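Model the placement of chain U on the given structure of chain W, informed by the hints.
Protein chains: 2
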Amino acid sequence: MGGPEVERLIGLLAKLPGLGPRSARRAALRLLREPEARLLPLAQALAEAARSVRTCGVCGNLDSVDPCSICADPHRDRATICVVEGVGDLWALERAGVYRGLYHVLGGTLSALAGTGPEDLAVAPLLTRLEAGGVAEVILALGATVDGATTAHWLAERLQPLGVAVTRLGQGVPIGGALEVLDDGTLAVALRSRRA
Amino acid sequence: MGGPEVERLIGLLAKLPGLGPRSARRAALRLLREPEARLLPLAQALAEAARSVRTCGVCGNLDSVDPCSICADPHRDRATICVVEGVGDLWALERAGVYRGLYHVLGGTLSALAGTGPEDLAVAPLLTRLEAGGVAEVILALGATVDGATTAHWLAERLQPLGVAVTRLGQGVPIGGALEVLDDGTLAVALRSRRA
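Here the protein sequences line up with chains W and U, keeping their order. Taking this note's numbering, I'd label the letters of the first sequence as residues 1 to 196. Taking this note's numbering, I'd label the letters of the second sequence as residues 197 to 392.
Honestly, the hints are just simulated from the structure, not real lab data. Remember, it's a predicted structure, so these values are computed and weren't measured experimentally. Where a beta carbon is used, it is the ideal one built from N, C-alpha and C, also for glycine. Mixed in with the good hints there might be a few duds.
Claimed, not checked - Label-pair ranges, simulated between beta-carbon atoms:
(1) U:S389 with W:V181: 39 to 45 angstroms
(2) U:D273 with W:G176: 56 to 62 angstroms
(3) U:P314 with W:D73: 56 to 62 angstroms
(4) U:S265 with W:R22: 20 to 26 angstroms
(5) W:T116 with U:G373: 40 to 46 angstroms
(6) U:Q367 with W:S52: 48 to 54 angstroms
(7) U:Q367 with W:G117: 57 to 63 angstroms
So here's chain W without its partners, still in its complex pose:
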């Protein structure tokens, strides 16, 4: 239906996270019904993003400038580097608006299963940044998964000789989280880190 161009479009849309074959078909139809208002603007936005967006050579963020607007911002605290697994994590922290330091995108976690070793992550560039001096604290904001915890542990050991403070995100009950749906591990951590 719709010819090969439409089938190709549906196939590509279906590969987006959050969309399956059915919803990709609906999305394609919505776009095709309003080519001027929806389809062409999206095509142009994709082409512009492809042309303009690059990986920041310092921290690994995606931005239209390199170094990225965060690394280039003179008002950010350059003594603190927050290490995250991916750009999505960096964006999530920026949306929260609670952090004013710099970032470093690792590009994943160590994973025996996936065969991801230290050489596959941006560890060497992080060490280079730290060796250049001026950094007082590295926050390891990695996911609270087995691989995330393993990576944080391994990184903390690597960073220790450099004389920077290494911290991790606090763990416990998420804001808005109902106790009855929380897993045992989170409850145990929350209990251990209880405050007066």
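Just chain U, lined up with the frame of chain W:
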């Protein structure tokens, strides 16, 4: 984050059915991480679809040719026209592969709430097709909603003087449907239309 181009892309993706702001952000990141493999092909597919896809002047289907490949297919049964609300319904019937006649896309249903009257639907072109002769049956494959049923009823009355048989889709328990989750209306219809 990511600059104005990325924010614009996320905004447009978030308008697709099935994607919200969060999943649009994930989708944009996925695309941006692999510009050559994902972002540019999608941009090109959208541009090609915008260039090639048009509305069939006969039935209202979307295709890269006009008349569409269904209307132009000499092997389709030209004595039967299946009337559907939208192109998505037409595609769904084609995917099922159970219908070999022609189609007519109404472009919606009559709706007092939405203010959709007969003049907003492709009713006149349908009458023109029927008056040209050669059509023995019109299948009203409209949704089993209040508006769909109203439209089917209204259309059936309009088509009666033309001397074509007017039928509707059978109603009952959907294949794979568990009785306990079905609504009362469907159960009532299924019971009334029971077969030996």
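U:Q367 paired with W:G117, Cβ distance criterion 57 to 63 angstroms: holds, 60 angstroms
Assessment of proposed distance window 40 to 46 angstroms (beta carbons of W:T116, U:G373): Holds, at about 45 angstroms.
Beta-carbon spacing of U:Q367 to W:S52 - inside the hinted bounds 48 to 54 angstroms or not: holds, 53 angstroms
56 to 62 angstroms as the expected CB spacing between W:D73 and U:P314, which holds or is violated: The hint (56 to 62 angstroms, Cβ to Cβ) holds, given that U:P314 and W:D73 are roughly 59 angstroms apart.
W:V181 and U:S389 - C-beta distance against the hinted 39 to 45 angstroms: holds, 43 angstroms
Pairwise beta carbon distance, U:S265 to W:R22, judged against the given window 20 to 26 angstroms: Holds: the Cβ-Cβ distance is about 22 angstroms, inside 20 to 26 angstroms.
Hint check for W:G176 and U:D273 - Cβ pair distance inside 56 to 62 angstroms: holds, 58 angstroms
Hint compliance for this structure: every hint is met.
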